[in-house]
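Let's have the full structure, built from the sequences with the hints guiding it.
Residue numbers (my numbering), protein chains in the order written: chain S, 251 to 495; chain W, 251 to 495; chain D, 251 to 495.
Derived from the structure by calculation, the hints contain no laboratory data.
No copy is singled out in the list; a pair is fine if it fits within one copy or between any two copies.
Derived DSS-like pairs: lysine-lysine, alpha-carbon spacing no greater than 27 Å straight-line:
hint, residue 1, residue 2
1, 457, 332
2, 421, 453
3, 335, 457
4, 453, 397
5, 332, 453
6, 335, 421
7, 483, 332
8, 332, 397
9, 421, 332
10, 393, 483
11, 483, 287
12, 483, 472
13, 453, 483
14, 397, 335
15, 335, 393
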Amino acid sequence: MFRATIDAYLLRDSVEILSVLVDEIRLRTSSDGISVKAVDPANVAMVTFNLDSSAFDDFEADEGEIGLDLTKISDILGVADKNDKVYMELNENSQNMSINIGSFSYTLSLLDPSTIRSEPKIPQLELPAEIILNGTDLRRAVKAAEKISDHMLLGVNDDVFYMEAEGDTDKVRLDLPRDQLIDLKPDDVRSLFSLDYLSDIVKPASKSNEVVLELGQDFPIKINFEIANGIGKVGYLLAPRIESE
Amino acid sequence: MFRATIDAYLLRDSVEILSVLVDEIRLRTSSDGISVKAVDPANVAMVTFNLDSSAFDDFEADEGEIGLDLTKISDILGVADKNDKVYMELNENSQNMSINIGSFSYTLSLLDPSTIRSEPKIPQLELPAEIILNGTDLRRAVKAAEKISDHMLLGVNDDVFYMEAEGDTDKVRLDLPRDQLIDLKPDDVRSLFSLDYLSDIVKPASKSNEVVLELGQDFPIKINFEIANGIGKVGYLLAPRIESE
Amino acid sequence: MFRATIDAYLLRDSVEILSVLVDEIRLRTSSDGISVKAVDPANVAMVTFNLDSSAFDDFEADEGEIGLDLTKISDILGVADKNDKVYMELNENSQNMSINIGSFSYTLSLLDPSTIRSEPKIPQLELPAEIILNGTDLRRAVKAAEKISDHMLLGVNDDVFYMEAEGDTDKVRLDLPRDQLIDLKPDDVRSLFSLDYLSDIVKPASKSNEVVLELGQDFPIKINFEIANGIGKVGYLLAPRIESE
Numbered sequence: 251m252f253r254a255t256i257d258a259y260l261l262r263d264s265v266e267i268l269s270v271l272v273d274e275i276r277l278r279t280s281s282d283g284i285s286v287k288a289v290d291p292a293n294v295a296m297v298t299f300n301l302d303s304s305a306f307d308d309f310e311a312d313e314g315e316i317g318l319d320l321t322k323i324s325d326i327l328g329v330a331d332k333n334d335k336v337y338m339e340l341n342e343n344s345q346n347m348s349i350n351i352g353s354f355s356y357t358l359s360l361l362d363p364s365t366i367r368s369e370p371k372i373p374q375l376e377l378p379a380e381i382i383l384n385g386t387d388l389r390r391a392v393k394a395a396e397k398i399s400d401h402m403l404l405g406v407n408d409d410v411f412y413m414e415a416e417g418d419t420d421k422v423r424l425d426l427p428r429d430q431l432i433d434l435k436p437d438d439v440r441s442l443f444s445l446d447y448l449s450d451i452v453k454p455a456s457k458s459n460e461v462v463l464e465l466g467q468d469f470p471i472k473i474n475f476e477i478a479n480g481i482g483k484v485g486y487l488l489a490p491r492i493e494s495e
Numbered sequence: 251m252f253r254a255t256i257d258a259y260l261l262r263d264s265v266e267i268l269s270v271l272v273d274e275i276r277l278r279t280s281s282d283g284i285s286v287k288a289v290d291p292a293n294v295a296m297v298t299f300n301l302d303s304s305a306f307d308d309f310e311a312d313e314g315e316i317g318l319d320l321t322k323i324s325d326i327l328g329v330a331d332k333n334d335k336v337y338m339e340l341n342e343n344s345q346n347m348s349i350n351i352g353s354f355s356y357t358l359s360l361l362d363p364s365t366i367r368s369e370p371k372i373p374q375l376e377l378p379a380e381i382i383l384n385g386t387d388l389r390r391a392v393k394a395a396e397k398i399s400d401h402m403l404l405g406v407n408d409d410v411f412y413m414e415a416e417g418d419t420d421k422v423r424l425d426l427p428r429d430q431l432i433d434l435k436p437d438d439v440r441s442l443f444s445l446d447y448l449s450d451i452v453k454p455a456s457k458s459n460e461v462v463l464e465l466g467q468d469f470p471i472k473i474n475f476e477i478a479n480g481i482g483k484v485g486y487l488l489a490p491r492i493e494s495e
Numbered sequence: 251m252f253r254a255t256i257d258a259y260l261l262r263d264s265v266e267i268l269s270v271l272v273d274e275i276r277l278r279t280s281s282d283g284i285s286v287k288a289v290d291p292a293n294v295a296m297v298t299f300n301l302d303s304s305a306f307d308d309f310e311a312d313e314g315e316i317g318l319d320l321t322k323i324s325d326i327l328g329v330a331d332k333n334d335k336v337y338m339e340l341n342e343n344s345q346n347m348s349i350n351i352g353s354f355s356y357t358l359s360l361l362d363p364s365t366i367r368s369e370p371k372i373p374q375l376e377l378p379a380e381i382i383l384n385g386t387d388l389r390r391a392v393k394a395a396e397k398i399s400d401h402m403l404l405g406v407n408d409d410v411f412y413m414e415a416e417g418d419t420d421k422v423r424l425d426l427p428r429d430q431l432i433d434l435k436p437d438d439v440r441s442l443f444s445l446d447y448l449s450d451i452v453k454p455a456s457k458s459n460e461v462v463l464e465l466g467q468d469f470p471i472k473i474n475f476e477i478a479n480g481i482g483k484v485g486y487l488l489a490p491r492i493e494s495e
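Quick look at the structure:
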């Protein structure tokens, strides 16, 4: 059983967060809320997503798993105004979901969860450096790097968080000292990341005032932020690229 | 003889209404105003368009027929501001039309009307159901249907006007009961239409507060609305598609 | 030595003015400011550009020549907000330029000036007619002409400046009498120009309230305007096309 009502804009943000890495998801439901874990087809990046039942206007759910095509939901949400409510109800027998937005009613066929890639095991990583910054600062740095290169170095040195990209002949560097960050737990670390992934991930993150980065030396980066005033949590994990000297 | 002055925005709307179905028109002129009847190349949809002489700032015309390329007029109107006046004058001897917009003067060569498809005979249809609704409601329904399918069912059942589209696996339905419509003359009818056509037609109609639909059982649909505060009248007729069960 | 600070928007406008004709420039520096002379690859149009040292917040330069890739600078300026300052400093030993915008620092490799096309000799032309008009009027005329043809006639007749374009069948003409111009030194002249070039040149010129055109009979046109309240000067020279009767 799954029956829920939610703001259209919050559902749309949630879909965008997941669409960055995958087109189809296994949505896990429980009486506490909904959650998703997914890994991109190339096994380079993971996302974990949780939205508490309190983010919904109404919420009733059993433990379960629902297979969803994100592109279709995104299409359906196209008719919604920002302030519309979306009502969803699972029809277990017919394996579809009813979705109502205003006077519109959709019947969306579900995917068989067993045909969707299994949930990844999220590795337990202890990453020594932590940087908390505004999402727009992160996005500007990534956009600047894209003009120069297809990968980007993120690091901490003394009390400065830096992002650096190097092309064949040119270089760009952004230094954000502690006083331009929200918080910093420094450690001498640096890792290189693919801008293909980073620029996609940074789009939803850029809406957040507080993005938490966890960095290690040539280790994956964790990018965490909250949505819906903390009722929802998003975590990306992106593998590093090997630096060729 | 044909000489007329008209608001640029009204001429632009008129061109858009006709361009939905055809690129070239036979413009019929008389002392009462202008009118066009046209059918699309595939014979699936027709448009009738009338604009009374009172919609013009100045208007003088004999009975006549002028062959016009709508794309060219649309290009010319690109230089006009919303509040500009457009002055047009037929030069019968040289078979062209002078068009003045602000300090710009155009000389537009005319098409020989005999090279343009003849005016269609508009069939006399008695359609039992009539639905009057806001143009934006109609457009939202068509946009929702396009995400799911390439055709769309329009029907009336009891006191509810409904629009439904069904894809291979998914379905969308919009129910508008009488109290969400401007007016309804109910009758148990339904017809299926191609979204290719419907979505084009609905664009100009969506600007109107009152769009009148006339529906029958597996019959063409009439879509009528007014422009320029009722001084102009637009009627589309769209043939139904066969429902394959 | 070259070290300068300038408003991002002014640098962006300068890059746009030059990019219309060339991708790479030899930037000439002196204690008075910067200047560029360039000719397009097809030898049809030239640009001269001067920006006085007083247009900069800080400016220190020796006589010199710097080879720049305009596309790269334009990319870099993508991160700047309208009110950002751009700090540039030449590193003579490493043949690159440091560019700082906010917290961003770029290292831009320079081009060897000897690999860039030489500065053109600007011909001394005495053109009898001079028209001073608003840049937006010029741009509207060029846009109207583009809909009809790929070349455009500019001329003066009595006290009227006119622009005319003729397609296979249609014609557009804009007459601007003296009272719709800022100033006019009349002379009976006309020349034909390629709209390919004219429409590019007119884009930056359209931002200026006063564009000075100098015209002769089948001679090149000079298009001059100022930027930064007169601290910068821009001059385009565009060769005429032969009129085929």
